[in-house]
Amino acid sequence: MQPLVFARYRLTAFQEELAVLERAEFPYPAAEAALRKIKDVFVKHARMLDMLDQGSDLNTVNQVCQQQLTDLWDYLPFLGFILRSTNVRNAFEIYTPLQRLAWNVLGPKAQLLLSSEWDYSPFVYTQDPLLPGFIFIGIPAHESSNPLVAPLAGHEMGHALWADVVETSLWHPAFLSRLKASILEKINERWDAFRTLHPDIQKREDLETELFATAAWAPAFAWARRQSEEYFCDFVGLRLFGESFLFAFAHLLFPVLEGRRALHYPNMMRRVRFQVQAARQFGIKPPIDYELWFKDREEPSDEDRHEKFLVELADSAADQLAPDLIGHANSLIKQSGLPDWSTEEARMKHRATVQRIYDDFLLATPAEGTGHIAHILNAGWKAAMDKVPQVPDHVPQQVLRELILKSLEVLEFETKNPSPS
Amino acid sequence: MKLHIDTPTLRPWLRALEPSLPMLATRAAVELDAQRRGIPASMDAVRELSELLKNSFEQEIDGVGPRQSTSLLDPNTIVLVGRALESIPNRRVTKIAELQQMMHEIAEWLDQSADNSPSGRAEVLRDFCLALAKGASAHHRELRDEKPTNRYRR
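Residue numbers (my numbering), protein chains in the order written: chain R, 1 to 421; chain F, 1 to 154.
Extracted from the complex, chain F is given alone in its bound form (with noise of 0.2 Å):
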């Protein structure tokens, strides 16, 4: 028996906590890599992503009624973010509306090279994603080397 909850459930949105995201990064990052080297790849990692930056501002939530607009970033994501974008070449972020409305602009750019649509934007991807999981894989370490150690241990 699953018990009962009246709270709608969302879709997955970018959180830096997700402990999927490191890889989830390397692997649009390995995808796009291979894009820009002209060998086929199947873009699964790279159309995920894309789905978790724009369910970040956008929800569909059944029975309450249309697109739900309004940003699930919480801080911590929104650092993580902030930084990765420094890899994006002349796209300086500092304000937070800004870099919401850069992540629209990434997630377009994601679904546009997830269709192999010509965009020559593969690298600046790239990078950006590397960035990302670099990001989240630290901040993950961070949470878990606050673990008591034993002494005798090297």
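Bound conformation, chain R alone (with noise of 0.2 Å):
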């Protein structure tokens, strides 16, 4: 089994690479306990190799080196972003005001990890597929001194918690059932349209209970199950972050990427306007004009009628869940400790706070006594927005990003060292 060498040197090869990165030295205990968990992959993989002999069966051990191409090819992109978390670039001031947030959020096992990006995709890493608990920060290069676009990090805590809780809860399948039956209806509405691209499904009753019937439909809820989910995450970096997640998700993205949409992620307008009523719930006020700063990627084109329909009923199977998704996420993270923005005295209270942040940053001072991330947060946009600090002789961008970086070392500091009142 001469191809068998090939897939020994290339894991050999992977594992002294993590061999080398296990001897950095890295700011924080994640990173490494990352490594440790890419590592037991890699060790199956040798475990499974070490099974393979001349007498095996060829199939098997061809599966068992495509697999391992595979997470050689998912994994190593996650050796680049451990080895890049410990980059002096990284604005390490972030980091543990995040983690803390995680944990509130997640649980005590939550272990974050935040690098910067030679890729303009935000956040690109976000459910790692073996490495549960983990969630990776990955922010673009040029902007990974920027406190601004923290409040994106909400949107990563939404796929951990998406996945550590709703995809394993009673939520999950009662969820899923939704998004299958909103389809099935919608078949059942367009059945000519159905049939014109199925003719040979006979009957409605097939959709449930034939096979073939429902590998028909079957990628339409893959892309409402993963839209979904999109939605979810937005609706938690926005309840966690408020008005200044939105800023932030503008900031990286409008007025939107070019090119054909993703069928797996709502197109842009239909994920801001969720967004603007996710909101409005919550008690947080958008921008008044937010909806119009930006525009929606190509749709499928009708040459393609198959995926245009499939994706049709993916779209509002999606769109159906959203409002309960909103309900969900919010009810998930609702603990003492978040901000709160659901009554008109908390609003109050965090309009106070972040006035009061924005008035030391126009003295460009850091603030004290800020209390929580997310406000000194949104008072750095409102400040960003109304192109303040004026400083002679300084750039207002650099002095604001100088102060919220300051802002939050003073707010670790006063949760490290709570006043005795």
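Treat the hints with care, as some may be off.
[Unchecked claim] Per the computed footprint, the stretches of chain F lying under chain R, defined by three or more beta-carbons under 8 Å from a beta-carbon of chain R, are:
{"id": "1", "segment": "30-37"}
{"id": "2", "segment": "47-58"}
{"id": "3", "segment": "75-82"}
{"id": "4", "segment": "85-95"}
{"id": "5", "segment": "101-112"}
{"id": "6", "segment": "126-136"}
If you're looking for bench data, these hints aren't it; they were derived computationally from the structure.
Ideal Cβ positions, reconstructed from N, Cα and C, are used throughout, including at glycine.
Could you use the hints to bring the two separately framed chains together as a complex?
Below, the structure written as structure tokens:
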């Protein structure tokens, strides 16, 4: 079985690289923990290879090697990510408040990794295959010292919450049943169009009983499920960071990436509309013209009638579920210690805190007694939109960035050393 | 402080979108192939896969009462398993009810294999696991490939 040599050699090379990285110094333990988890994956690969020899079934050998290749492909960027987490370009002041927030939302096992990315896609590693409990937040390199993008980490915490809580609870089958019912209802409404695309499916009942008929609409279900998760994560980010989440989202993605939309993501305008709906439901005031800032990406063309039909089913099913997901995101993270906008009293308190921090920023002074990262970032965005503070011979953006980072440091000091009162 | 959730937690069940499924099914195939050749194997992955199959229909939920018997299989998993079952000779499955019955049987066969009971099904089960691994992998790849690519990158 000569080709097995390739699999052994490339596995050894990867494990050697892992060993080199393990000897590096990391600013926080999550990086080392992630490396150990990745190492475990490749120990399993080594064990599988050890069980193969001349007498092994060829298909099994091929599958083992193909799976190894897939994992090398998937995990190599993680090694780069972990290595870059040591880079001084990262704003380490953001790390601890975000890690604390992750513990608040996900429990003590949550481990956060913050790194810079040479890829514009914000926060590319979301639900890592075999690293449950880890939240990888990759900030585009040129933004990695910019704390104003930190609210988008809330979206990534949403993915961890989805995987850790929603997908393992009875909610999940309930959500999935709703998606399925919605898709089947839409097919029934548009039965003639569906039959044109699938003339072999004779009866409506077949949709739920026959395997080949299920296969016809299953892609719509997969897309709807993923779209629902994305909605949920936006709602979590918004609930955790308030208005600053919307500004950070716009900062990275306004007006929209060019090209055709990904089918498992809601198109931009639907996403933005549900963000606004969620904001209102949470008591958060979105920017007045927020929806006008964005555009949709291209929908599938009319030439691909099949895909177009399916994605319409997916979009409609995810949109029907979205209002419930707003409520679920809210109920999951409604707890003491997190910002609250649900009552007029809470909103007034929040506004007053943000204004006080903003006033400090106007004086080019870091803020004290901020209480929560979200308050600092909301004040930061308010200042950014007003193009303040204006300090002679300094770029406002740089001054503001330093003020926010310093305020986060003060917050961390105050958290670790609470005043006796 | 961990947030409090009133909703009971379910044990893991078979899901096409579960990222660890291709690896698990591949490991199970390797263990079954070793068994076919009379080589001792831990059969850990075989046991784990059998649990996933069984949990897809039966869940014991704390505080809710006895075992709940209901299918947790989503349409993508149904399609995935349906295609994997095509690897089993003389067992043509066309209906979802038949597929569920067949999954029960496969879970039992996997348990027998894990206990090293002589059943002669190691090869059939190995091929099923291989088909499951390939199908799940392809399903994940389809969703991943939709990321926007860099226009200057080949």
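Checked hints:
no.: 1; hint: 30-37; verdict: holds (count 6)
no.: 2; hint: 47-58; verdict: violated (count 0)
no.: 3; hint: 75-82; verdict: holds (count 5)
no.: 4; hint: 85-95; verdict: holds (count 3)
no.: 5; hint: 101-112; verdict: violated (count 0)
no.: 6; hint: 126-136; verdict: holds (count 5)
The structure does not agree with the numbered hints 2 and 5 stated previously, though it agrees with the rest.
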